[in-house]
Amino acid sequence: MNAPKIAEDAGRARESLRTMWRIRRFEEAVEELYGRGLMHGTMHLSIGQEAVPTAVCQTLRRDDYITSTHRGHGHCIAKGADPESMMAELLAKETGYCRGRGGSMHIADTATGNLGANGIVAGGVPIAAGAALSASMRGTDQVAVCFHGDGALGEGAWHEAVVLAAMWRLPVVFLCEDNHYGMSMSSRRAFGLADLSDRARGYGIPGVSVDGNDLQAVHDAAAEAVGRARAGEGPSLVVATTYRWRGHSKSDKNLYRTREEIEEWRAQDPIVRFERAVLEAGTLTATDLEQIGQEVRSELRTAVQRAHAAPDARPDDLLESVYAEVDA
Amino acid sequence: MNAPKIAEDAGRARESLRTMWRIRRFEEAVEELYGRGLMHGTMHLSIGQEAVPTAVCQTLRRDDYITSTHRGHGHCIAKGADPESMMAELLAKETGYCRGRGGSMHIADTATGNLGANGIVAGGVPIAAGAALSASMRGTDQVAVCFHGDGALGEGAWHEAVVLAAMWRLPVVFLCEDNHYGMSMSSRRAFGLADLSDRARGYGIPGVSVDGNDLQAVHDAAAEAVGRARAGEGPSLVVATTYRWRGHSKSDKNLYRTREEIEEWRAQDPIVRFERAVLEAGTLTATDLEQIGQEVRSELRTAVQRAHAAPDARPDDLLESVYAEVDA
Amino acid sequence: MSEMTYAEAVRSALAIAMEQDERVFLMGEDVGTYGGAFGVTGDLIHRMGAQRIRDTTISELGIVGMGVGAAMTGMRPVVEIQFSDFSAQAMDQIANQAAKIHFMLGGAVSVPLVIRAPGGSGTGAAAQHSQSLEAWFTHVPGLKVVMPATADDAKGLLLAAIDDPNPVVVLEHKLLYRTSGPVREGAERTPLGVAAVPRRGTDLTIVATGVQVSRSLEAAEQLAQEGIEATVVDPRTLKPLDEETIAAEAIATGRVLLVQEAVRTLGFMSEVAALLSEGEAFVHLKAPIRRLTGLDVPIPYAPQLERAVVPQVEDIVAAAQTLVREW
Amino acid sequence: MSEMTYAEAVRSALAIAMEQDERVFLMGEDVGTYGGAFGVTGDLIHRMGAQRIRDTTISELGIVGMGVGAAMTGMRPVVEIQFSDFSAQAMDQIANQAAKIHFMLGGAVSVPLVIRAPGGSGTGAAAQHSQSLEAWFTHVPGLKVVMPATADDAKGLLLAAIDDPNPVVVLEHKLLYRTSGPVREGAERTPLGVAAVPRRGTDLTIVATGVQVSRSLEAAEQLAQEGIEATVVDPRTLKPLDEETIAAEAIATGRVLLVQEAVRTLGFMSEVAALLSEGEAFVHLKAPIRRLTGLDVPIPYAPQLERAVVPQVEDIVAAAQTLVREW
Ligand SMILES: Cc1ncc(C[n+]2csc(CCOP(=O)(O)OP(=O)(O)O)c2C)c(N)n1
Ligand SMILES: Cc1ncc(C[n+]2csc(CCOP(=O)(O)OP(=O)(O)O)c2C)c(N)n1
Ligand SMILES: [Mg+2]
Ligand SMILES: [Mg+2]
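Chains as they are written, first to last, in full-length UniProt numbering: chain L, 1 to 328; chain D, 1 to 328; chain F, 1 to 327; chain U, 1 to 327.
Think of the hints as simulated: they come from the structure by calculation, not from any bench. Among the hints, a few may not be true.
Which residues of chain F face chain D? A few of them, derived with a C-beta cut under 10 Å, are [to be verified]: (1) G39; (2) S59; (3) L61; (4) G62; (5) A252; (6) G254; (7) F282; (8) A319; (9) Q321; (10) T322.
Quick caveat, the model's predicted, so the values are computed rather than measured. The beta carbon of each residue, even a glycine, is placed where N, CA and C say it ideally should be.
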């Protein structure tokens, strides 16, 4: 690639950092609220994986689609959602993206093309392929990116959607965030492949693996796959190898991995790595970085406060919320 | 392979021919009975594909398992079932393998290890993997062969079973009979692969394609895969390329293929090809072949007659047939 | 009105919907070149093109899921599940996705998806190709469910289903495909949620669905000859259900016979019985509610067995006679 | 008797079954090292080994299907579906294979498979992780279905399910896992098909399943304080159903309140209502049958909404009061 690196472009570097920090701070806030008993349900945090959604969504237009997962805060933020409305949703507020009906596992922001997180592993995969079919039938050049975990590779839904997308050469990118585990199942053990992107070979589509903690590498691989999709050349599989720092959810006692392994990966913090690249390139100064961090921190603080102050979701019209109204 | 060829061994050649003819004559009889309105339901004929089950089952022991498909008469016969009890089943008789409850799509003969045809495309794939799991947990060296069509490659069930079988290195062989179509969908068009056995690469298991109308070639590929399974070396995919002469079922108007294509493949008749090899090798004479044909013909005639004469399936104990009885 | 088969009526509805709305398309196994496993789509691929009549691989979950994604993004997909039994493969996308997305997303999006699937027994296709699974769908909030019993409703209900902004499961019946009847011209809709009352009598009310509607009408003819006059109610839409009509017609005669092909336990008529037993009808009924249903067994292959497990005309007649004579 | 949690009772049953019968094993997602998403299996992998407590990939259809194949060939598999909602993924193997194989094959083979799956709401896990889907399974001939409501039944019913030569779906309830109660020592079975009557009264009969059993008992305590005495019936096995006990207890008080967490339409209690309304009870009941059920909506995320869609103790009390006072 001869295009200028993101770390060398002040504007893009700033934007990248802002997004990654926004994801991290959002999830830290969630973690805290949850810990203090102010948030209920289950939460799946993507801390440590921020480079993936950030880089991928940089290659997308606002009118492109994504489908997301149970671990979807990052995808949602990176595609352009408003953290305050997200936080309101998680706090079960009427002003949340789903009016408190969906929560973390169903958060969506259709205005920015996010068709929704999904509580079902691989549930979004056929949906993304369907959005891509729709785009191509409507004659737009929109692209759909299907974020999914390594665990999703075990599901029949993943397989069927890839088969159909490949046959019809649909503009969809299957973006596998291989964070090493599907809950407690190691992706190395599960799939018998040294390189998970070899999975693509069984479908006659391109597959590539990249270092998911390297913003630039993810960006380049995604850009290529998205470009191919937009040009009508069909789907691809991109595997971004990364790591989840936190447990799968709150019930996780981390019995399936070692403390050392977690520590090793914390040392690969994608935000720190990108900050280092930016400093090395001399694009931004340490003070700039400090300032970006502060801005995001205060932005998130405000978001949490305002979300807290919003009215609670109301149970009064539940029965009327099940079906979309038929036009008269 | 340095082992003696089947066509060069009089006993094995005779047995192979008997099995292939038995399948063909059985299905011709079914076709005729159906045409004369003496048989009801739907029938899926495998005429033209006889070499595959014949060769594969030669590599199996009686206590090995198979799972079969809607197009399963050949698998059933090749594994050792009695054509009379099969015919009785298709004629809805009390003496049929399933007491008239299953019919062609659910025919099974557990005594010879056939766990059943299946009306669901890919329905038998996880079942075969489960039988292989069972064999390995019980510490036997039994193997399971999962017969399935090319169309089954589109199903999530196929995928999930292969993923699990690969992870656990189960003694199972996925035996894909690629007869070029899943109903009307061309397997070339559907799966985007010049060689369907490339599908195996996505699972880290061996895959091989063979000429499915060449008894010897199918035998050798199956023997290798079965041997590997029996030795504890895990599953494989074997794709046997063949062709279905008849329509998918009776409703088929053959709109998706040409008459020429059908004719080309009829010229590849696996039985004729094997007979030729036997004659060329000088193992059996033309008179021998004639005699084998006659024997099978009369065997089948008797089977049909006796099946016809058997008592009809009785509706009186239907409600008691749903659950297995709990031991007192 | 023109006479056509139920299958032709479905095809006609598909063609009209596609002509009226470019967002409408169909996908499913063998719906294109083959013309559909039951000949329903016929030559549609030649009239509408392979873009709009899409042949898929054998991947029910993928097909329905792609329908969901397309419906969420501006299309009006109709997906066909070749036999309704295979909806089992697609149940996650039907029940966990299509049905719930509008609600889960707080109304931000709707899923105008139609799922067509032929159900029912009588063709010798045995246990995995003959089920009547309407109860599964009717149990799921967020789905609408229709079961057309006539050619006219096959067309009218499908057109209404395609219009609807919600996921609608349309359960056609294999045995009905070749039956014919008068069908309204043009693009006339049959509104969802409105029962039909094709016959009115004074002695009992038969509520029947799918293929049992015509069997009930035939039974009613026979009953009339011996002086028993039956009302026949066809709910047509199982969800949302026209409870008012059913209750009113039940009260009008005071005796209720509920007829379905599906197995007895938790079949659709269990809900109708429950509704009647807890409502106003409770005090007006002269007789206990009587269900006449498929036996709680898988559909067997043998024709004589297959017939024995599902209500036939003579069973309806007998059940009606007993109900009227004993109460 | 010893006091243990419902989750411990399930674990105890699994351990006992594995000790008694080497054919028994468990497979499912995260049942091994992780100890189960709800901690049910805990340390079993260390006691039984990774061969018998098998961690799978995320492949529900494959898992259940492998259970079917293993059950047909001499093993006694127990498969866990991590949340019962994901049975939608596995529905083909559950309903089209496991349930029908014994029948379709003319009795030549049986499928002694147990499918365990936690259901129910109350944990803030929203619409795709909170359903009560017992009606789907109960509708399928060939399956048995149990819903243990106490720790003792969680153990006893699971042991009986593992003994049974048929596929049995065991629906545990997430909210019950941490509740405790007295559990019989050893390998005592709770027979399938026998209802429990944990309380007897004279004024009304409450039939309740799953988490609603303890809520009904709590409600009955409150009602007793105002002089209303309720019988509480817990069917425990939904299929085969102990119809006799339910009918007898219904007739004994003349008033019936049916309580389930599942959505109303075609929930399990629709069948109970239908059975009562067509049986002897019809003439003995003093009041219309009353169902108190979950609303016909997906389970929402917000705690106050989630609570509102499912019957709570106070709702049961109120419904019972109305029923007794008005009739
Ligand atoms: C169909 C289905 N099966 C199981 C689950 C339970 N579950 C939720 S997340 C998860 C692990 C998913 O792993 P992966 O796809 O790698 O995503 P990650 O959690 O690592 O982001 C599991 C097993 C589910 N939600 N849906
Ligand atoms: C789950 C499922 N989907 C669809 C069908 C309908 N159907 C029966 S056979 C068949 C084609 C199967 O093709 P293939 O696997 O190649 O086997 P072949 O018929 O060629 O032997 C189809 C679509 C089915 N029985 N089950
Ligand atoms: Mg993962
Ligand atoms: Mg084929």
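Taking the hints in turn, this is what the structure says about them:
1. Checking G39 (chain F) against chain D: minimum C-beta separation of about 7 Å stays under 10 Å; hint holds.
2. A distance limit of 10 Å between C-beta atoms decides the matter here; for S59 (chain F) the minimum to chain D is near 4 Å, and the interface restraint holds.
3. The beta carbon of L61 (chain F) comes within 5 Å of a beta carbon in chain D, closer than 10 Å, and the hint placing it at the interface holds.
4. Checking G62 (chain F) against chain D: minimum C-beta separation of about 8 Å stays under 10 Å; hint holds.
5. Restraint check, A252 (chain F) versus chain D: the minimum CB separation of about 35 Å is more than 10 Å; hint violated.
6. Look at G254 (chain F): its Cβ only gets to about 31 Å from chain D, farther than 10 Å, so that hint breaks.
7. Proximity of F282 (chain F) to chain D is violated relative to the hint, the smallest CB-CB distance being about 30 Å (cut-off 10 Å).
8. Checking A319 (chain F) against chain D: minimum C-beta separation of about 18 Å lies over 10 Å; hint violated.
9. A distance limit of 10 Å between C-beta atoms decides the matter here; for Q321 (chain F) the minimum to chain D is near 22 Å, and the interface restraint is violated.
10. Interface hint status for T322 (chain F): violated, as the beta-carbon distance to the closest one in chain D is roughly 20 Å, over 10 Å.
In summary, the numbered hints that this structure violates are 5, 6, 7, 8, 9, 10.
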